[in-house]
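Protein chains in written order, with the working numbering: chain A, 1 to 243; chain B, 1 to 445.
Some hints here could point you the wrong way.
Here are the simulated lysine to any residue pairs, SDA-like style, with alpha carbons at most 25 angstroms apart [said to hold, decoys possible]:
(1) B:84 <-> A:182
(2) B:176 <-> A:49
(3) A:184 <-> B:92
(4) B:84 <-> A:190
(5) A:184 <-> B:240
(6) B:2 <-> A:43
(7) A:184 <-> B:141
(8) B:13 <-> A:98
(9) B:271 <-> B:307
(10) B:3 <-> A:180
(11) A:48 <-> B:247
(12) A:48 <-> B:300
(13) A:48 <-> B:140
(14) B:175 <-> A:43
(15) B:92 <-> A:50
(16) B:3 <-> A:188
(17) B:283 <-> B:218
(18) B:3 <-> A:185
(19) B:240 <-> B:87
(20) B:175 <-> A:180
(21) A:184 <-> B:220
(22) B:13 <-> A:50
Quick caveat, the hints were computed from the structure, so don't treat them as lab data.
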Amino acid sequence: MPTALILGAASDMAVAIAEKFASEGYSIQLAARNSARLLPLQSDLAIKYNSRVSLHEFNATAFDTHRSFFDSLYPKPDVTICVFGYLGDNEKALADWLQASIIINTNYTGAVSILNIIAEFYAAEKKGVIAGISSVAGERGRQSNFLYGSAKAGYTAYLSGLRNYLFHKGVHVVSVLPGFVYTKMTEDIRLPPILTAKPSEVADTVYDAVVKKKNVVYVKWFWRYIMLFIKCIPEFLFKKLKL
Amino acid sequence: MKKRIANWGNFPKMDSEVKSFSYDEQLGELVRGTDHFIPRGNGRCYGDASLADKTISTLQYNRILSFDTVNGVFECQSGLTLDKILEVIVPKGWFLPVTPGTKFITAGGAVGSDVHGKNHHVDGSFSNHIIEMEVMLADGSVLTCSPSEYVDLFEATCGGMGLTGMITRIKFNLKKIETSYIKQKQLKARNLEELIQFFEEYKEYTYSMAWIDCLTKGEEFGRGILIIGEHAKLKELSDKQRKDPLVYAGKPKITFPFNLPSWILNTLTVKIFNFLYYGKNFKKEIANVVAYEPFFYPLDAILHWNRGYGKKGFVQYQFVLPLASKQGLIDILKRISDEGLGSFLAVLKVFGHQESLISFPEEGYTLALDFPVRKGLFTFLDELDEIVLQYGGRLYMSKDARMKPGVLVKGYPNLEKFRSIVKKYNPAGKLSSMQSDRLLLTGKT
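Modelling step: build the complete structure from the supplied sequences, incorporating the hints.
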């Protein structure tokens with residue numbers, strides 16, 4: 001039975017991904033802060049899919065704990081899915097460095113810190129798959145969320161470089177750019193239904209991309225073209241828009 | 001952000017701020033941080049019971065906590081729907097102890113409405129099978145209650161329409177099955193007299209209910225089809241069925257794509273439907289072995305069948321009359337037939353004895369009817385209410401969208417006690433719904 005590690009396992013998207021991999025016969029390692037709150041998820045997946053599910057305490061921004069966290073995992077995961085992220089409040093973060101640093105450290109630095117360790121291990125083993133959940137917000141900085149967006153841009157670039165680097169060592173890296181997703185984070189925002197995915201759709205996309213070794217995946221296909229269009233807008237125009 | 005929501009009858013509709021949660025601490029924050037709300041599951045009650053301008057949805061709080069496959073004990077969070085429970089328990093040889101006519105309700109909803117099924121006369125309602133449950137009260141504290149612990153809270157939560165607190169965890173007993181098939185019989189009854197006689201004659205059967213034609217007059221007044229069944233034993237299956245005796249029946253295939261214009265449902269179309277439905281059984285008696293899905297959940301096969309009643313929606317009218325009040329049943333069916341207000345879905349069932357504080361079932365005849373919302377309907381239903389009360393009956397709150405507070409008071413002898421327990425655990429009426437306000441159970445009295 002292969003094992004999948006879910007980093008940041010408490011979010012709606014992560015829960016859906018864990019469920020998808022469990023339903024496909026994977027053992028699941030759920031890593032999150034306050035992992036005890038995931039006990040119901042653990043029993044649920046174990047009962048429904050007869051899957052082996054373990055809980056692990058993990059904090060994305062406690063960089064110095066990442067090495068011992070990964071060392072403590074047994075067995076080592078065949079697939080690592082890095083889901084954690086933090087949207088934050090752009091306006092508050094502009095005025096408050098602590099807020100800004102949480103956004104940067106969660107979305108970029110924390111991801112790099114833990115994935116460096118896992119990449120090193122996979123490179124030595126000459127196998128493994130890493131899937132990183134980044135964001136379309138990282139494709140171009142916009143006034144409403146560019147702190148989050150810039151951290152995700154860094155993360156997207158990191159995943160792309162990591163894919164290139166690990167390809168030569170037999171390890172695959174998937175970049176996932178979900179677009180809008182119905183989650184508790186977005187419950188109070190009116191989202192266009194046609195552009196918005198359910199967490200279970202994200203999970204299906206991630207699983208499919210891992211199995212088929214895809215490189216960069218969007219959940220709703222037209223996001224690829226929407227972002228292509230947005231990237232094509234000349235900067236002298238773009239800067240005047242209120243996006 | 002407010003969303004327009006309605007329950008299964010699509011009447012009434014209202015704008016509501018819907019909040020979800022996955023973890024206990026999130027629920028605690030939501031409950032403590034709001035001045036009022038009503039818990040909401042899958043919105044499969046019919047009227048306004050789970051509507052309020054602020055609702056807390058349990059749908060993402062839906063994890064299985066334990067399943068003892070040896071003793072048949074199941075424990076889950078309140079937002080898990082019965083179809084997901086069946087998916088897990090049926091292949092292991094267990095079944096729900098009680099199930100209503102749809103599997104798309106949550107476990108929390110099953111408790112809040114204290115649902116009944118075709119086996120009420122044998123197994124009682126859902127609450128009879130609960131070992132214990134956990135309820136988060138208005139102040140965010142959590143109590144575990146059971147038939148022996150915080151009994152008042154337990155009793156007022158079963159059938160209490162979510163007014164005592166937010167049900168979080170439910171542990172209940174399952175029913176052992178040898179196969180997932182049902183050995184069923186369908187018996188055509190010429191009229192109401194014969195139908196009631198059949199109920200008496202076949203009361204040993206675990207499952208029974210009858211479809212009834214409420215538009216016929218004279219000799220054939222109240223004709224119908226009695227449907228009875230038992231969980232089939234392995235030896236009763238065909239060779240083909242025996243290959244996978246505990247098969248889970250799977251997913252519905254058809255979705256009702258849009259709201260039908262409301263004029264389509266009229267006396268004539270209902271008469272035609274009834275004629276065909278009654279006529280499709282050529283023989284007086286049919287006996288066969290069928291999957292549990294079409295037996296228990298025939299309407300679940302068509303997702304959104306409620307759209308058939310048009311966008312104005314419909315109300316389901318369900319009452320129970322004591323066994324001695326057979327005449328009341330005749331009076332009500334006569335009134336409906338005279339009014340020409342036929343119902344596609346008219347279901348008759350005999351309840352067994354039940355002791356409860358506020359649950360709907362009591363020994364007697366229960367009839368459930370669907371009426372599309374139209375001018376004059378509510379006046380007519382007020383008249384029916386009078387007949388129901390006159391014969392000592394009452395209405396089912398889970399179906400209700402329009403009864404007057406006095407009808408509830410007269411129908412439920414323990415109402416005052418229920419109200420005082422609600423007051424004890426929900427003192428400021430923080431948990432309140434459009435229905436509870438309408439029926440003067442909470443708040444703006």
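Against the structure, the hints come out as follows:
{"no.": "1", "hint": "B:84 <-> A:182", "result": "21 angstroms, holds"}
{"no.": "2", "hint": "B:176 <-> A:49", "result": "21 angstroms, holds"}
{"no.": "3", "hint": "A:184 <-> B:92", "result": "34 angstroms, violated"}
{"no.": "4", "hint": "B:84 <-> A:190", "result": "29 angstroms, violated"}
{"no.": "5", "hint": "A:184 <-> B:240", "result": "46 angstroms, violated"}
{"no.": "6", "hint": "B:2 <-> A:43", "result": "34 angstroms, violated"}
{"no.": "7", "hint": "A:184 <-> B:141", "result": "23 angstroms, holds"}
{"no.": "8", "hint": "B:13 <-> A:98", "result": "44 angstroms, violated"}
{"no.": "9", "hint": "B:271 <-> B:307", "result": "20 angstroms, holds"}
{"no.": "10", "hint": "B:3 <-> A:180", "result": "18 angstroms, holds"}
{"no.": "11", "hint": "A:48 <-> B:247", "result": "15 angstroms, holds"}
{"no.": "12", "hint": "A:48 <-> B:300", "result": "23 angstroms, holds"}
{"no.": "13", "hint": "A:48 <-> B:140", "result": "30 angstroms, violated"}
{"no.": "14", "hint": "B:175 <-> A:43", "result": "22 angstroms, holds"}
{"no.": "15", "hint": "B:92 <-> A:50", "result": "12 angstroms, holds"}
{"no.": "16", "hint": "B:3 <-> A:188", "result": "10 angstroms, holds"}
{"no.": "17", "hint": "B:283 <-> B:218", "result": "22 angstroms, holds"}
{"no.": "18", "hint": "B:3 <-> A:185", "result": "16 angstroms, holds"}
{"no.": "19", "hint": "B:240 <-> B:87", "result": "21 angstroms, holds"}
{"no.": "20", "hint": "B:175 <-> A:180", "result": "43 angstroms, violated"}
{"no.": "21", "hint": "A:184 <-> B:220", "result": "56 angstroms, violated"}
{"no.": "22", "hint": "B:13 <-> A:50", "result": "41 angstroms, violated"}
Of the numbered hints stated above, those contradicted by the structure are hints 3, 4, 5, 6, 8, 13, 20, 21 and 22, listed in ascending order.
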